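S.K.: Residue-level listing of the chains:
Number of protein chains: 2
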Amino acid sequence: MGILKLAHGKVSTPFFMPIATKAAVKTLSIDEVQSLRPEIILSNTYHLYLQPGLDILKKFGGLHKFMNWDKPILTDSGGFQVFSLSKIRKIKDEGVEFQSHLDGSKHLLTPEKVVDIQKIIGSDITMVLDQCIDSTSDRKEVQKAMEITTCWATRARKYFLKKKIKDQLQFGIVQGALFEDLRKQSAQELKKLNFDGYAVGGLAVGETNDEMYKVLNYIVDELPDDRPRYLMGVGKPENIVEAVKRGIDMFDCVIPTREARHGRLYIWKNSNLSSGKFYQTINISNEKFKTDKSPINKDSKIPALRNYSKAYLAHLYKTQEPLALKLATLNNVEFYLNLMREIRRQIEKGKL
Amino acid sequence: MGILKLAHGKVSTPFFMPIATKAAVKTLSIDEVQSLRPEIILSNTYHLYLQPGLDILKKFGGLHKFMNWDKPILTDSGGFQVFSLSKIRKIKDEGVEFQSHLDGSKHLLTPEKVVDIQKIIGSDITMVLDQCIDSTSDRKEVQKAMEITTCWATRARKYFLKKKIKDQLQFGIVQGALFEDLRKQSAQELKKLNFDGYAVGGLAVGETNDEMYKVLNYIVDELPDDRPRYLMGVGKPENIVEAVKRGIDMFDCVIPTREARHGRLYIWKNSNLSSGKFYQTINISNEKFKTDKSPINKDSKIPALRNYSKAYLAHLYKTQEPLALKLATLNNVEFYLNLMREIRRQIEKGKL
Chain A
1 MGILKLAHGK VSTPFFMPIA TKAAVKTLSI DEVQSLRPEI ILSNTYHLYL QPGLDILKKF
61 GGLHKFMNWD KPILTDSGGF QVFSLSKIRK IKDEGVEFQS HLDGSKHLLT PEKVVDIQKI
121 IGSDITMVLD QCIDSTSDRK EVQKAMEITT CWATRARKYF LKKKIKDQLQ FGIVQGALFE
181 DLRKQSAQEL KKLNFDGYAV GGLAVGETND EMYKVLNYIV DELPDDRPRY LMGVGKPENI
241 VEAVKRGIDM FDCVIPTREA RHGRLYIWKN SNLSSGKFYQ TINISNEKFK TDKSPINKDS
301 KIPALRNYSK AYLAHLYKTQ EPLALKLATL NNVEFYLNLM REIRRQIEKG KL
Chain B
353 MGILKLAHGK VSTPFFMPIA TKAAVKTLSI DEVQSLRPEI ILSNTYHLYL QPGLDILKKF
413 GGLHKFMNWD KPILTDSGGF QVFSLSKIRK IKDEGVEFQS HLDGSKHLLT PEKVVDIQKI
473 IGSDITMVLD QCIDSTSDRK EVQKAMEITT CWATRARKYF LKKKIKDQLQ FGIVQGALFE
533 DLRKQSAQEL KKLNFDGYAV GGLAVGETND EMYKVLNYIV DELPDDRPRY LMGVGKPENI
593 VEAVKRGIDM FDCVIPTREA RHGRLYIWKN SNLSSGKFYQ TINISNEKFK TDKSPINKDS
653 KIPALRNYSK AYLAHLYKTQ EPLALKLATL NNVEFYLNLM REIRRQIEKG KL
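Heads up: the protein sequence lines correspond to chains A and B, in order.
Per my numbering: the first sequence = residues 1 to 352.
Per my numbering: the second sequence = residues 353 to 704.
Just chain A, same shape as in the assembly (with noise of 0.2 Å):
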């Protein structure tokens, strides 16, 4: 347990990020996404890039001022979003020629690009363009994908440095899928570039919950004990808590607005972290709910979530009112942040 002092204020550490892929938390305006209480969101660097664009960025000094958020705020590379969401993407030395999912226009990233747009979108934390691939690709397809995203995080490292700038971090992002050595070399090889701190990458895409931790087992040794390090995208309530033990600070993950989407709610159960059944899904649209009079979740602190019944909630989702993605939303973010604040308890108390 930490704190980082961001230029937008202090994160207690391990904490989750809430997504706001497009400049917004879906469905959420700023108002409801401070009375759930993060400290830190993050944003998609691609998704910005595209929408609202750089100029209109520039024109409100950043995207703090864009969205009226004024907290600490972490923004992607896009390297994951060019190989998740552009049908076309080119990797060459100089940096990954894409296609925009929204027009087929075509765009270059390269490691320093990265920078300047994460400058001008103004995240207090920055990351470095790399190469994401499946974690089940074959060795030699991982190997160079590692080697490409270790030379662009040497020239974004040593770019940023020239730049002098001073209001923002910069992390590292280790690969190697699911290769031992591999991912060992990446990490050696990024320490030496001293980063701010370390993400591990490219995990949560495929493998197992065991293949994961084994990573975490190797991984977390080789990183800098005095920096912090996150774990993107990941993930499931019980992956963060076996990450947690395993030293990752940082996690951010799409599961809970995405779940929301589908009427899934996350309620928590109790605080027994370690036993995988502190918390339970429900499924809204099951028949049960239709005339459940009990609140959404009565232990919510957000009067709406207590207010409501599962019977209306229920009732919000069968006739497709936009309402109901945002009370599930309130609900499955509200849980994550209490995970972390539950953790973070335990690990003051020794529990953890």
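Don't read these hints as lab results, they were simulated from the structure.
In this text, all values refer to a predicted model and were calculated from it rather than measured experimentally.
Note that beta-carbon positions come from the ideal geometry of N, C-alpha and C, so glycine has one too.
Take the hints with a grain of salt, since some may be wrong.
Stated by the list, open to error - FRET-style restraints, in silico, Cβ to Cβ:
{"id": "1", "chain 1": "B", "residue 1": "GLY558", "chain 2": "A", "residue 2": "LYS106", "range": "47 to 53 Å"}
{"id": "2", "chain 1": "B", "residue 1": "ASN638", "chain 2": "A", "residue 2": "GLN34", "range": "27 to 33 Å"}
{"id": "3", "chain 1": "B", "residue 1": "ARG441", "chain 2": "A", "residue 2": "LYS298", "range": "42 to 48 Å"}
{"id": "4", "chain 1": "A", "residue 1": "PRO303", "chain 2": "B", "residue 2": "VAL606", "range": "27 to 33 Å"}
{"id": "5", "chain 1": "A", "residue 1": "LYS298", "chain 2": "B", "residue 2": "LYS357", "range": "33 to 39 Å"}
Unchecked claim - Okay, derived cross-link-like pairs now, DSS-like style, lysine-lysine, Cα gap no bigger than 27 Å in a straight line:
{"id": "6", "chain 1": "B", "residue 1": "LYS645", "chain 2": "A", "residue 2": "LYS65"}
{"id": "7", "chain 1": "B", "residue 1": "LYS423", "chain 2": "A", "residue 2": "LYS318"}
{"id": "8", "chain 1": "B", "residue 1": "LYS536", "chain 2": "B", "residue 2": "LYS492"}
{"id": "9", "chain 1": "A", "residue 1": "LYS58", "chain 2": "B", "residue 2": "LYS650"}
{"id": "10", "chain 1": "B", "residue 1": "LYS701", "chain 2": "B", "residue 2": "LYS597"}
{"id": "11", "chain 1": "B", "residue 1": "LYS411", "chain 2": "A", "residue 2": "LYS288"}
{"id": "12", "chain 1": "B", "residue 1": "LYS410", "chain 2": "A", "residue 2": "LYS293"}
{"id": "13", "chain 1": "B", "residue 1": "LYS471", "chain 2": "A", "residue 2": "LYS288"}
{"id": "14", "chain 1": "A", "residue 1": "LYS92", "chain 2": "A", "residue 2": "LYS192"}
{"id": "15", "chain 1": "B", "residue 1": "LYS410", "chain 2": "A", "residue 2": "LYS288"}
{"id": "16", "chain 1": "A", "residue 1": "LYS65", "chain 2": "B", "residue 2": "LYS670"}
For chain A, the structure is supplied; the task is to place chain B on it using the hints.
M.R.: Structure of chain B alone, referenced to chain A:
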């Protein structure tokens, strides 16, 4: 100007009722509805009857508790939705048979059943079942529909009184399209039934503004002075001003929420209500708003509308973020409620 006392509170006339078709004002939670300070809202019997259905509403002790709204509610009779949504409908002496627009199931609404349904809903103001037709229909059709409406109103009133319902008001609905003699005949016959209030139905469904005002010019005098008069489904802001001048007390309309879905925002200009130029609408998707740093609505009492820029809202529309609909709905419903507040202020000052 006056005060209407209802089971769930007092309402200042003239007033506008935001529409909660399916037990929610589209995109808003109840605390957001409350922040707009309406004194009464409207919900639709047809939709509630189909979803969530009477069993669930009964279990909750009515719509107020189901949707967490403790102020007055008016429900329509379902007559208009049978006319506008159902693919097949069959008018019989007994009532109207229709097919659900959701699953094609067949249902029969009778004047008596509509009283019973609204009793279960527990609305403060209930409407009688009427037969709606296009305002431009030919005389023979209009006369027939008006006569059926009068017949059903007679049965509905008789049934309502027999049931000794005390905590609800019952309103009759004047039909007759654009035929002065039929409208007057309808009003005369309904007056004999001593309803708690009278609605003018079948307008804003195809006729011109002048045709609508012409009906109001003669029909209001036919209705009792001491009962509220309700112009159903109307309308544009200037329609409301003109109708108030002609003695109408109550309004509802889908415009503020429907226009919000299309990104059209109502913005107040000045208090010269008779000019027809007291407001403007802006289309937030217009190119010029992409870089507009000015607030969505600098005069709003809703912090989000003062704090977010037009450029941000334009971005939310472009990227189809659900938050866009909420912000536009808040803006437009607030505009309509402010219009009514201004109308009441000007009546009080003798200006209108």
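S.K.: Does each hint fit the structure? Answer for all of them.
M.R.: Tested hints:
no.: 1; hint: B:GLY558 to A:LYS106: 47 to 53 Å; result: 50 Å, holds
no.: 2; hint: B:ASN638 to A:GLN34: 27 to 33 Å; result: 30 Å, holds
no.: 3; hint: B:ARG441 to A:LYS298: 42 to 48 Å; result: 44 Å, holds
no.: 4; hint: A:PRO303 to B:VAL606: 27 to 33 Å; result: 28 Å, holds
no.: 5; hint: A:LYS298 to B:LYS357: 33 to 39 Å; result: 36 Å, holds
no.: 6; hint: B:LYS645 to A:LYS65; result: 10 Å, holds
no.: 7; hint: B:LYS423 to A:LYS318; result: 25 Å, holds
no.: 8; hint: B:LYS536 to B:LYS492; result: 16 Å, holds
no.: 9; hint: A:LYS58 to B:LYS650; result: 23 Å, holds
no.: 10; hint: B:LYS701 to B:LYS597; result: 14 Å, holds
no.: 11; hint: B:LYS411 to A:LYS288; result: 14 Å, holds
no.: 12; hint: B:LYS410 to A:LYS293; result: 12 Å, holds
no.: 13; hint: B:LYS471 to A:LYS288; result: 26 Å, holds
no.: 14; hint: A:LYS92 to A:LYS192; result: 24 Å, holds
no.: 15; hint: B:LYS410 to A:LYS288; result: 17 Å, holds
no.: 16; hint: A:LYS65 to B:LYS670; result: 19 Å, holds
Every hint, counting from the list given before, is met by this structure.
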